[in-house]
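Engineer: Sequence:
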Amino acid sequence: MMRFPSLVLLASGFFASCALAQTAHQPQPEPVPMPPPIVAPIDKPYIGPIRLTVDLSNNVDRVEKVHEEIPVVPGAKQMVLLYPEWIPGDHEPAGPIESLAGIVTTVDGKRVQWVRDRVNIYAFHVPLGESAKTIGLDFDYLSPIKPSAGRIEISNAIADLEWNEVVMYPAGYFSRDIPVDTALKLPSGWKYATALETTSTQGDTIQFERTPLNTLLDSPLYAGLYYSRVDLSPTSTDIVHLNIFADAPEDLKMTPEELAEHKNLVMEADKLYGSHHYKHYDFLLLLSDKVGGVGLEHHQSSEDGLHANYLSDWPHGITDRDLLAHEYTHSWNGKFRRPADLWTPNFNVPMRDDLLWVYEGMTQYWGNVLTARAGMRTPEHTRDLFARVAANFAVNPGRDWRPLVDTTNQPIISERRPVSWVSYQRPEDYYTEGELIWLDADTKIRELTGGKKSLDDFCKKFLGVYNGSMITDQYTLADVVNDLNDVAPYDWKSFFQKRVYDLHPPVPMNGFTQGGYKLVYTDQPIEWIEKEQAMRGYADFSTSLGISMGSRRGHAPSGIISNVWWGSPAFKAGVTPNMEIISVNGTAFTAKVLKDAILAAETDKKPLQLQFRDGKQFKTIAIPYYDGMRYPSLQRVDGNPDRLDDILAPSKSPLPAM
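Quick note on numbering: numbering that gives the first Met the number 0 labels position 504 of the sequence shown as 503, and the sequence is numbered without any gaps.
Hints were generated in silico from the structure; no laboratory data involved.
The beta-carbon is built from N, C-alpha and C at its ideal position, and this holds for glycine as well.
Do not rely on the hints blindly, as some may be mistaken.
Label-pair ranges, simulated between beta-carbon atoms [what the hints assert, rightly or not]:
1. ARG612 / VAL519: 32 to 40 Å
2. TYR625 / ASP89: 39 to 47 Å
3. VAL103 / GLU257: 25 to 33 Å
4. LYS651 / GLU257: 22 to 30 Å
With these hints in hand, go ahead and build the complete structure from the sequences.
Structural biologist: Right, dumping it as structure tokens:
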């Protein structure tokens, strides 16, 4: 070939011209037409009740066996069955369709083969005969056995049953128009709790009252061997129970002091909202180190998962104590009153999340405030937590490119999978930055009105309407602004524009300054936070080196880096997540050794010498950092009104008459 370059060129040119001639008449690719869309939901009654039976008795294999009998509309040629995709409270298309198996459909007892929609994988087409009356549907929901497959929902002692995982329903209808008769079989001897009403019990099988599909899916059920039911009702007309399921019977024990504080929580919520929107409310609390923790709101109940020692080691669980208050607040904010475009007619219409900074951000704020008012945390504990949130945003460069409102899209973007660079990607800041914005609003109202009004008054107006109603009431940003202006006239539209929609506003600390405090940093750790972090196997150097480390709960923090703050000293030196610190200045790593070295460098001005394992390589990185540990806290500013502690103090209002 190298000896005859001219022949090679001639040949290649010849074949190229032939190829051009052959393709001159070849058509360009064109798109294949899309199949017809799934019929849109219409607000009309479905022909009759779906009969749903769920068998939860196989808790060894963690298989939930489902049988449905679905009446057919006369004359229909096919039925499209939908598996719920968009789950309220998840804010994302999170229906676990990957966990379904063994799907079998019959028509009037004769097996027919379903066909999955070619575009919408959550839709199943079932062909029908001329006079079809009933579709039979059977499938298995394979609940995760290993954490990599999803949150563990079932153990040998506890089950968390979410009805959206074990039902399909006809397309073309609002979920509120589809009635369901539901039966459940439990393992022998298990107890259960749910907001649903029971009509009968035969052995281990329970029959529930007929209910619309939307109410069923909003009424999860906890079941288990070890169960305790505690009455938290503040009045005879506001019925609230705490239903506790645990790994072991000793984890159920509650002291009189703990009981009083949980009762205070419900009472403080009554005083705050001045209404309720449930027939009765059931906290479903699982205390487990085997079943995965969860926090998910529902209108008349909540799924609340905490570690097994929540009650048995009460003094050392301060950080987690706002979970119940947060999910309870959602009964008002998110379930009863809901952003207009977050309400959907069924569970397969996409949600839009742009007002999550109200739905979740304000709920995050009230979760912390109510926890303090109930005595479940001290005001000092709450101030310390607020300080940590603000300090995190002070070293969060993600605010340079992503406005807060865009973080409300994150559940849809990532389906809440972990991200590599949390501070730069700022995945769901609408929760915690949102709570600082609502603290700002609360203290601003108090400032504007000379302490005569507060965000409490806004909540009564905004969330306390239609007492006793369980019909979702939609709102828009204009509704939020208008109700705030009725409480305290101000340019609230610009207030939120700057903080939520504009790019890189200042870290929202006005709530501190208007509340009589300022954020400061010292070398002195917050003792209770240090203890809880150590118990959790967590070490936090976010405001100093810009790293954090974690390990299993109850173990000393490992040197494996879980997070690196973008732009921090560690980041600039070349540290990345998943690297493991082996030694600090020649001494084997522990969290204390690293802290001591950081404090020493503040004086001797010598760069830290950290040895890392990065896969199969070892490397030593010098970090020239000399500013100490920088623990954040709130410091009282003399002469300024102490509005923050007024916010955190128990309410002086009487219980409302409801």
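Engineer: Compare the structure with each hint and give your call.
Structural biologist: Hint-by-hint comparison with the structure:
1. ARG612 / VAL519: 32 to 40 Å: holds, 36 Å
2. TYR625 / ASP89: 39 to 47 Å: holds, 45 Å
3. VAL103 / GLU257: 25 to 33 Å: Violated - the Cβ-Cβ distance for VAL103 and GLU257, about 48 Å, lies outside 25 to 33 Å.
4. LYS651 / GLU257: 22 to 30 Å: Hint holds: Cβ distance 24 Å, inside 22 to 30 Å.
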